[in-house]
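Visitor: Each chain, letter by letter, is given below.
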Amino acid sequence: MMCEREDGGSAEPPFGEPPLGDRPPGEGQPEDGAAFAALLEDSAEDLYEHAPCGYLSTLLDGTIVKINTTLLDWLGHKRGDLVSRRTFSDLLTVGGRLYHETHFAPLLRMQGEISGIALELKAADGSRLPVLVTSTVKTGGDGQPLLIRTTVFDARDRRAYESELLRARTQAEREREELQRLNAVLQQTLLPPALVKVPGLDVAAHYHIASTDKVGGDFYDLFPLTGGTWGLFLGDVCGKGAAAAAVTSLARYTLRAAAVYDPDPAAVLSNLNTVLNHEYNGEDPRFCTVVFGLVTPAERGGFDITLASGGHPPALLMSADGTARYLPTPGGQLIGVLPDAHIVTTTLHLGAGDTMLLHTDGLTEARAASDSLRQEDRYGDEALLDFARGLAPTTPSGAVAAIRDLLDSFGTGVDDDTAVLAIGVPRPSEEHL
Amino acid sequence: MTHLAIRTRTTVAGPVLELTGELDHASCSQVRDLLPGLVLHRGQQLVIDLAGVTFCDSSGITALIAARNHTLAAEADIALAAVPHHIRRIFSMVGLDQVFAAHPTARAAEAAWTPPAPRP
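Quick mapping for you: the protein sequence lines, in order, are chains A and B. Per this note's numbering, the very first residue in the first sequence carries number 1; after that it's consecutive. Per this note's numbering, the very first residue in the second sequence carries number 434; after that it's consecutive.
Check the hints yourself; a few may be wrong.
Okay, the calculated beta carbon distance ranges per label pair [stated by the list, open to error]: (1) A/T296 / B/A545: 21 to 31 Å; (2) A/D408 / B/A545: 14 to 24 Å; (3) A/G331 / B/V472: 28 to 38 Å; (4) A/E177 / B/V472: 18 to 28 Å; (5) A/Y161 / B/A459: 27 to 37 Å; (6) A/D262 / B/S462: 17 to 27 Å.
Some chain A residues near chain B, calculated using beta-carbon distances under 10 Å [what the hints assert, rightly or not]: (7) E279; (8) N281; (9) F287; (10) T289; (11) H312; (12) P314; (13) A320; (14) V337; (15) G413.
Simulated from the structure, these hints should not be mistaken for lab results. Cβ coordinates follow ideal geometry from the N, Cα and C atoms, glycine included.
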C-alpha cells in the first residue's frame, strides 16, 4: 500500500501501520508511546525515501515521475537526471529492456500487476545491480490506468546465493563423475583385465553394470593351476557399494589362494566359507553365492569339469547336439554365514561344440515386462533355459553376445549387476579357422 | 518405491514379526534396526511371518540371516511362517531351507515350540 498521491505528499501513514491505540498494552510507557507516534507521523515521507527497497512511479509510457532516495543511492543517479527525463526501461540492461518490452510490460497491462521479476539495473557507474521487481497499475475512479508503481528489491545477496548454489551443484556433479570413475576403476580391479588363453578352450565373459553410482558385487576369474589344470569361478556378493566390494575382493583372492592350496572345488569353497564366516558375522552378515570349477584336459579330448556350488544359480550346458540343460547342484548353501556350509559338486565332460555358461542372478531377476517388482514378472530360470535351447549349439562368444543383447533388451529392468562367463570346446573345423 | 510394513506381537513362545511388502535393499534395514530392541529369552522362538512378502532379494535374505544370528546369540530359535512360493524357491537355491525351520502359519510355529528345559 503506497501513498495516495504521487507528488510525495501523503495524508496517511503508508504501509498500513496500525494506529498506536491498537497496539497491545505494555509495549512501553504512555509518554514513550506518544513520542513513538510522533516519530511515525514524521516518518511517512522518510519511510518512503529511505525504505529498505526502491520505489519508483512511472507514467504509462514509462517516464519516471517519482523515485525514492534508496533507489537513487543504489544506482548513483541524481533525482534530476531521471525524473521526467528517463523511462524505467532506460534503467535496464539491453537484455532486460528486451524482456521488459516483450513480457514484463504486456503482462503488467493485461494483469494489472506483476511480481518478483528478476532484472538487472544499470547504475550510473556502469555496474549492474541484480534486482527483483514488482509493479502494479494504479487506476483512477473510472477504472482507467493512471500510473505504474514499482518496488525494487536488492537481489545481490540472492544472486550471490544462487551463484553459490550453482557452484555447489557443479562441484557435486564433478564429484559424482569422479565417484563414477573411481567405481569403474574399482570394478575393473575386481575382474580379470583379460581372460587367460587356455589351449583348446574358447572363453568369453561379460559384465553388465546396472548402476554407475555403486560398485556391484559380481566377480569371475579363470586362471592356471598346476598340472595343466585350470580354475574358474563366478560369484555374487550380496549388496552393493564399497562394503560389498571389500567382500568381493576378499572372496576373489581367497578363492585363488585356496585353489593353489587344495584345488578340490568343494575344499576351495569350504575355505572361502571359513574366511568369510570369521570376517563377517553377527548383525551385519555378508555372504556370497559362487560356483568354482576345476577344468582338466581329458584324454578323450575336450575337458572334464568338476563344479562346486555354494548356493549359486546352476550352470547352463548348451550341447553340440542342440540341447540345453541346467547342471543342478541342489542343497549347496550360500557361502559365509553358516559355520559349515554344505557344498555340492557335479561333474561333466565338455566335448567339441559344447558350451557351458555361468551367470549371476541379475539376469534371471531382471524385470522383463513391466516396472512391477512382483516375482512372477521377473525373467526367471525357465525363460533363460528356453533362451539357451534357442541358442544351442553355440560358442562362448556367441552365447555371451546373445546374453548381452538380451540384457540390452531389458533396458532399465536390470536392477542388479550381471556377470556371465562361458567356456566351450571348439569343433575341429572351428579350431582351424 | 518399495515399502515394507512390520507388525510385532508377543506370544508365550516369543516375538512374532509379521512382514508385509517388499523385503529388499531399501527395506531390509527396517528389520535389522528392529533386532537389537527385540526381547528374546533363552529357549524362546522368534517367528518371522512372511505371508505378506511380495518380493525378497539377497538383501532381504541378509536381514533374515541377521535375525537368525541375533536369536542364536540369545540362545533362542528362529522359525519362518507362511513362506511364499517364490521365497521358498530362493531359499532352496541358496540352501537356507536346511537352516530355517518353516511352518505353514505363525500359529503352527507357535504350536510347534516346546518350552526349554529348566537349567540344571
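Visitor: Against the earlier hints, flag every one the structure doesn't satisfy and list their numbers going up.
Guide: Structure breaks hints 1, 2, 4, 6, 7, 13, 15.
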